[in-house]
Amino acid sequence: MSAGKRSNEPIVWILFGMGGFLVAFFLPVHVLFYGLLFPAGMVHAPSYQQTLALVRHPLARVYLFALLTFCFFHAAHRMRSTMLDVLNLRHLNTVIAFLCYGGALVGTVFTVWLLMTV
Amino acid sequence: MSDTIILEVARFNPEDGGEPSYQSFEVPLRPDWMVLDGLNHIKDQLDGSLAFRWSCRMGICGSCGMMVNGVPTLTCETLLMNYAPGPVRVAPLDHFPVVKDLVVDLDDFLAKLQKVRPWVVRKDDFKPAREFMQSPAQLEAFHQFSLCINCTLCYAACPVSGLDPDFIGPAAIALAHRYNLDSRDQGIEDRLDIVSQHEGIWDCTVVGECSVVCPKHVDPSLAIQQFKLTATKEWFKSFLLPRGKH
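Sequence lines, in order, name chains A and B.
Residue numbering for the first sequence follows this note's numbering, beginning at 1 and increasing consecutively.
Residue numbering for the second sequence follows this note's numbering, beginning at 1 and increasing consecutively.
Simulated from the structure, these hints should not be mistaken for lab results.
Keep in mind it's a predicted model, so treat the numbers as computed, not measured.
Mixed in with the good hints, there may be bad ones.
What the hints assert, rightly or not - Some chain B residues judged to face chain A by a derived CB distance under 8 Å, without partners named:
{"hint": "1", "residue": "Leu50"}
{"hint": "2", "residue": "Ala51"}
{"hint": "3", "residue": "Pro159"}
{"hint": "4", "residue": "Val160"}
{"hint": "5", "residue": "Leu192"}
{"hint": "6", "residue": "Asp193"}
{"hint": "7", "residue": "Ser196"}
{"hint": "8", "residue": "Gln197"}
{"hint": "9", "residue": "His198"}
{"hint": "10", "residue": "Trp202"}
{"hint": "11", "residue": "Thr230"}
{"hint": "12", "residue": "Thr232"}
{"hint": "13", "residue": "Trp235"}
Virtual Cβ for every residue (Gly too), placed ideally from N, Cα, C.
Make a model of the complete structure from these sequences and hints.
What follows is the structure, encoded as structure tokens:
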């Protein structure tokens, strides 16, 4: 390998890294409250109207946009790496990258639509 | 406890045209014997045709790395007693072509190592009249990465090295990083041109086995992740300021 073209991987890597941080620190809080504590009645659950009002707050929308989109790209990068290395599909790298990051992009567009219309 | 142990040693001689196989040898099991002492006993007393590399016997030269029971290991600093009652399986390092028996071909590794320019690169005509002063903090920045002895255990441990023969690999990237972090060095741009290609840092999926097997406690996995951050900053810089690159 000689001095050649530097990879464009940094863009997906930094999205993966940011997503990893959010997945590790923020997502568990949501899973804990909405997946366990609220349904089990261990903590008083907010009503539907209260939750809707919270989601409609501009800061909450920005937060949810960042949380969801970065998580999508984190998942996409992990799934791509898994398919390339664990399933040994390196020869399909371009197709797999297109599907994984494309899926994350679709998720991002859907998230924007959802947050704008909710 | 038995005072002997069975070593199952990988044999392969391309001149015979034979298939790789394992041959069992019974060697003395002494409390102070390393796996390498067992191999030397075979070479001296049982079968002089066994080929393996070794030199310093003290974990410095990095030439006696082998797969011991499937784990990349420096045989000169691993007690035979650890594997009692045996048998112990000794094989050449994974992910390298085998020359003969336990000897692997390191040409590809050495070529990769040279490409990342693991030495102090200067871009100016700096000719110091005296020693180049370096503070303890500046030394600390790269010290752990300078402890690499090129034993290539990390290449044998790295699954990506096995999947992609073009991957520059843990030791070479850690050493490139070591010089990038050196306050005397100005070669980071040259190294980024090599290491920031796909077959460089971006091939690494942070399995981390390189850092687990390193006998000198270098952390190549950390070096690669730090290098990724540097390369990412440079990528964004060149994206935002395309003319900034000279």
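We went through each hint and held it up to the structure:
| no. | hint | result |
| --- | --- | --- |
| 1 | Leu50 | violated, 34 Å |
| 2 | Ala51 | violated, 30 Å |
| 3 | Pro159 | holds, 7 Å |
| 4 | Val160 | holds, 7 Å |
| 5 | Leu192 | holds, 7 Å |
| 6 | Asp193 | holds, 4 Å |
| 7 | Ser196 | holds, 4 Å |
| 8 | Gln197 | holds, 6 Å |
| 9 | His198 | holds, 5 Å |
| 10 | Trp202 | holds, 4 Å |
| 11 | Thr230 | violated, 10 Å |
| 12 | Thr232 | holds, 4 Å |
| 13 | Trp235 | holds, 4 Å |
Against the hints set out earlier in the document, violations occur for numbers 1, 2, 11.
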